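Enquirer: Chain by chain, the residues:
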Amino acid sequence: GAGVSQSPRYKVAKRGQDVALRCDPISGHVSLFWYQQALGQGPEFLTYFQNEAQLDKSGLPSDRFFAERPEGSVSTLKIQRTQQEDSAVYLCASGTTATDTQYFGPGTRLTVL
Amino acid sequence: AQKITQTQPGMFVQEKEAVTLDCTYDTSDQSYGLFWYKQPSSGEMIFLIYQGSYDEQNATEGRYSLNFQKARKSANLVISASQLGDSAMYFCAMRENGYSGGGADGLTFGKGTHLIIQP
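Those sequence lines, one after another, are chains A and Y.
Taking my numbering, the leading residue of the first sequence gets -14, the next gets one more, and so forth.
Taking my numbering, the leading residue of the second sequence gets 4, the next gets one more, and so forth.
Among the hints, a few may not be true.
Said to hold, decoys possible - What the simulated footprint calls covered on chain Y by chain A, stretch by stretch (three residues with Cβ under 8 Å from a Cβ of chain A suffice, anywhere in the stretch; the number is not a length): (1) 33 to 46; (2) 61 to 67; (3) 92 to 100.
Stated by the list, open to error - Derived, one-sided and incomplete: chain A residues facing chain Y with beta-carbon distance under 8 Å: (4) Ala23; (5) Gly27; (6) Gly44.
Honestly, the hints are just simulated from the structure, not real lab data.
Owing to the predicted nature of the structure, the values given are computational and were not obtained by experimental measurement.
We treat Cβ as the ideally placed atom computed from N, Cα and C, and that holds for glycine.
Let the sequences and hints guide you as you build the complete structure.
Expert: Okay, structure coming up:
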């Protein structure tokens, strides 16, 4: 079946612009996670949804980062007033439950100029 | 202290040899899970293998096995009969099932090991 998909795959933004990154999880997966992966590093947890409820947002680096999953399927990660330090790959993962294996999408590479 | 430590930034291995990628972890939870992911240059994280803290036997998936030593808090990945297509970044990750700190619902990753298989 179809895996996790993310769009766009690449995004270039000027500093100060707002961006929106989309994640389509595997159908039927209750849990959805966002991670940020800086160049040469492992992914770092940003936030977690169970269905439409955002249960953990402790990893969001600032109040410029906002995530939503209004109908419990597709999720959007929004970054307002982007800064150069936001440049990274943003990975989305989904799982059948919170403790199940997480399956990752291809990521969105964000470059802020 | 780092929760996941991968001490090998890079490794070169001859094709068809076995390779062991090291991973040590730190947690005070009794219940946790350990994962290995492969990330080729295309960027996608590919799940390889999982080991639960209460599993008594080492996990195996095809050519992948996990050498789980709970007392030493290590979870090394063993790849048998390496292939050219195994060249990639490999990440060890942990999920803590208790409430020992922030981000308990997400995975904590190590910095990764860049594995290069030589013909």
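Enquirer: Taking the hints in turn, state whether each one holds.
Expert: Hint-by-hint comparison with the structure:
With 5 residues having a Cβ less than 8 Å from any Cβ of chain A, the stretch 33 to 46 of chain Y passes the three-residue criterion, so the hint holds. With 0 residues carrying a beta carbon less than 8 Å from a beta carbon of chain A, the stretch 61 to 67 of chain Y misses the three-residue requirement, and the given coverage is violated. Using a Cβ-Cβ cut-off of 8 Å, 4 residues of the stretch 92 to 100 of chain Y lie near chain A, which meets the minimum of three, so the contact claim holds. The interface hint given for Ala23 of chain A is broken, as the beta carbon of that residue sits about 11 Å from the closest beta carbon of chain Y, more than 8 Å.
Interface restraint check: Gly27 of chain A against chain Y, minimum CB-CB distance 3 Å, threshold 8 Å, status holds. At a threshold of 8 Å, the smallest CB-CB gap from Gly44 of chain A to chain Y is about 5 Å, leaving the interface hint in force.
Hints 2, 4 from the earlier list are contradicted by this structure; the remaining hints agree with it.
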